[in-house]
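*Asks:* Here the protein sequences line up with chains A and B, keeping their order.
Just so we're aligned: 174 in the working numbering is position 174 of the first sequence, and the numbers increase by one with no gaps anywhere.
Just so we're aligned: 79 in the working numbering is position 79 of the second sequence, and the numbers increase by one with no gaps anywhere.
Source of the hints: derived by calculation from the structure; they are not laboratory data.
In this text, a Cβ means the ideal position worked out from N, Cα and C, and glycines have one as well.
Mixed in with the good hints, there may be bad ones.
DEER-style ranges, computed between Cβ atoms [what the hints assert, rightly or not]:
{"id": "1", "chain 1": "A", "residue 1": "Phe210", "chain 2": "B", "residue 2": "Glu73", "range": "24 to 32 Å"}
{"id": "2", "chain 1": "A", "residue 1": "Trp189", "chain 2": "B", "residue 2": "Asp118", "range": "26 to 34 Å"}
{"id": "3", "chain 1": "A", "residue 1": "Arg24", "chain 2": "B", "residue 2": "Ala50", "range": "39 to 47 Å"}
The list that follows gives simulated cross-link-like pairs (lysine-lysine, DSS-like), each with its CA atoms no further than 25 Å apart [claimed, not checked]:
{"id": "4", "chain 1": "B", "residue 1": "Lys85", "chain 2": "B", "residue 2": "Lys8"}
{"id": "5", "chain 1": "B", "residue 1": "Lys85", "chain 2": "A", "residue 2": "Lys150"}
{"id": "6", "chain 1": "A", "residue 1": "Lys222", "chain 2": "B", "residue 2": "Lys85"}
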Amino acid sequence: MIFALCFGTSIFLSFSTPVAGGFRDTAMLMMLGVSKQTPVAVTLGNRISDSSSISTYSSKDRFDAERILHVPNSFALQSGMTVVGECSFTPSDSSYTLMNVQRVNPAMIFPLIQGLGELGRNILFHVPMSFIAFIAFLVGTFYSILFLRKGNLKYDLHARAASSLGLMFTTLATVTGSIWARFSWGKFWDWDEPRETSILVLLLIYIAYFLLRSLLEDTEEKKARLAAVYNIIAFATVPFLMFVLPRITRSLHPGSGSEAPVINLSGKTHIDPSFSLFLWINVACFAILFFIIKDLYIRIETIRQQREPNYD
Amino acid sequence: MISPVLRKELRIELRNRYGTSAVVMFLLVTVVTIAFAAPGEQIPPPLMSAFFWITVFFGTMTGLSRSFVSEEERGTILLLRLYAKPEAVFWGKFIYNLLLSLSLAFTAVIIFAFFFKDFIVRDYVMFSLQLLLGIVGTAGIVTILSALVARASQKGALLPVLALPVLFPLVIAVTDATTITMESGSAWIAVRGDILVLFSFDIALILISYVLFNFIWQD
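Sequences are here, hints too, so could you generate the full structure?
*Replies:* Right under this line is the structure:
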C-alpha cells in the first residue's frame, strides 16, 4: 500500500514537474532561427523600472545567469517569485520578454535537454526499465547458479520468474526506446543503431531460453539443470550486449564513444541533480515492483504445482 | 585423457567423412546461391564480410551440430560417460570441433576467393587473427550447446536458435573487424576494440562452458 502510494506519486511527479531551461536555451534557439519557444525557469530579482504595462526585473535563471527581463504587468508577478514560461529574446539590448506563464513557484523543475524538450521525461521510465532488466537477469543467473550448486527446484522457479520478468522489462525498455527514437531521431527502428540491435538480440536470447525449457523432455530436475546452464551462458553475453558493444560503435544513443553515459567507468553522472533524484526514485520503485511481481509469480506457480502435479 | 577422445573423433571422421563432406557441400551450395543471386554485381566490403561470416557460422552449425546427437543416437554416449572424465570429453570435443571449423573456414576463404572478385583481404595476418578468434568462440559455444541440444526433443532446428543469439556479440565484432580489414587494410587502431571484444568474449564463454559442461554431462 505504502509502495503503491510512493510509486504513484513518483510517476505523477515524473509527468507533472515542468521541464524548463535557462536564458541560454532561448537565445540559442533564437540564433538558430527556431520559432518554437522552450520554457525558461527564472527567479525575479530587483525591479529596475516600471511603466504602466511592463515592469523590468533583473532576473536569474537556473544556471545563475543574470539578465534583464521584461514582464507584462498583466501577469501579476512580484520580485522573488520563480516563474516557468516562454520568453522571447531581443538581441539589440540582449534583454528578454516573458511571453506567458506556465507555472509559478513550482516545487521542482526538470532541466531542459537541448533537442529533447518534453521528451526528456522518458529518461525517468526508459532508463529505470533497462536497469531493472539487467538486475532481473542478474538475479535469474544468481538463482541458476544457486540451483546448480544446491539442486533445490525452488531456486529454479526463482530463476524462471526473474528471467521472465527480465524479458518483460527488456520489452518495455525496447518499446519506450523505440517510441522515443521515433520522436527524437525520426524513425521507430534503425538497424545502424547498436543499442537497438543489441537489445533485440537480448530479447532473442531469453526467448530462446524459454523455448529450450518448453522443448526439453526429461525429469523436472534434469530439465531445470539444462535450463540453468543455458541461463548462465546467456547472461555471460549480457555485459557485452548492454555495456561493451554499444560503447565501441558509433551511435546516437547516449553512452557511445566519448560521450558520458549514465553509468560510465569514472562513475560520474552528468545528469542534473533534480532529475537524477527522480531517476533513482523510479529505479527503486521499479526494483520493488520487480520483486513484488517475482514473489507473486512464485506463489502462483507453487499453488499450481500443488493443485495440478502433472501440469506442463 | 584428452587425446583419446580427440583421436576417436578424428578416426571416425576419417572413416566416414560425414562432417567434412556435408560441410564442403554446404559451403559450395551457399556460395553458388550468393553468386547466382547477385551475378556480376559489385559487392561492397560490409556486404562481403557479412556474406562470408553468415556462411561460416551456418556452416559451423551444420558441421558441428551432430557431435553429441550422433553419440546419443548410436548409444555410445554411455560408454563415453563411463570411460572418460567430463573435462576430457569437453576439451576433446572442443579441439576436434575447433579443427573441423578451422578447416571449414579455410575452405570457405578459398571458395570465396575463387567465386568473388570483390573478396579482397588487404591484411592477411589481421584477417587470420579475426578468423581464429571468431572460430574459437563459435567452436566453444557450439560444443556446449550441442551437448545441451542432444537432450532436447527438437534436436534439428534448436542448435542455431540457441547458439546464434548467444554468438551475436562475436558476430557483430568479427563482421565489423573484417569489414575494416577489407576496406582499409592494416588499421590496428580501428579494429582494436573489436579484437579486444572477440578475445574477452572467447575467453569468458569457453571458461564458462568448461565449468558448466559437467552439469550437462552427468546423469
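*Asks:* Hint by hint, note whether the structure agrees.
*Replies:* The hints, checked one at a time:
1. A:Phe210 <-> B:Glu73: 24 to 32 Å: holds (27 Å)
2. A:Trp189 <-> B:Asp118: 26 to 34 Å: holds (29 Å)
3. A:Arg24 <-> B:Ala50: 39 to 47 Å: Given about 45 Å between the Cβ atoms, the range holds.
4. B:Lys85 <-> B:Lys8: holds (15 Å)
5. B:Lys85 <-> A:Lys150: Holds: Lys85 (chain B) and Lys150 (chain A) sit about 22 Å apart, inside 25 Å.
6. A:Lys222 <-> B:Lys85: OK: Lys222 (chain A) and Lys85 (chain B) at ~20 Å, within 25 Å.
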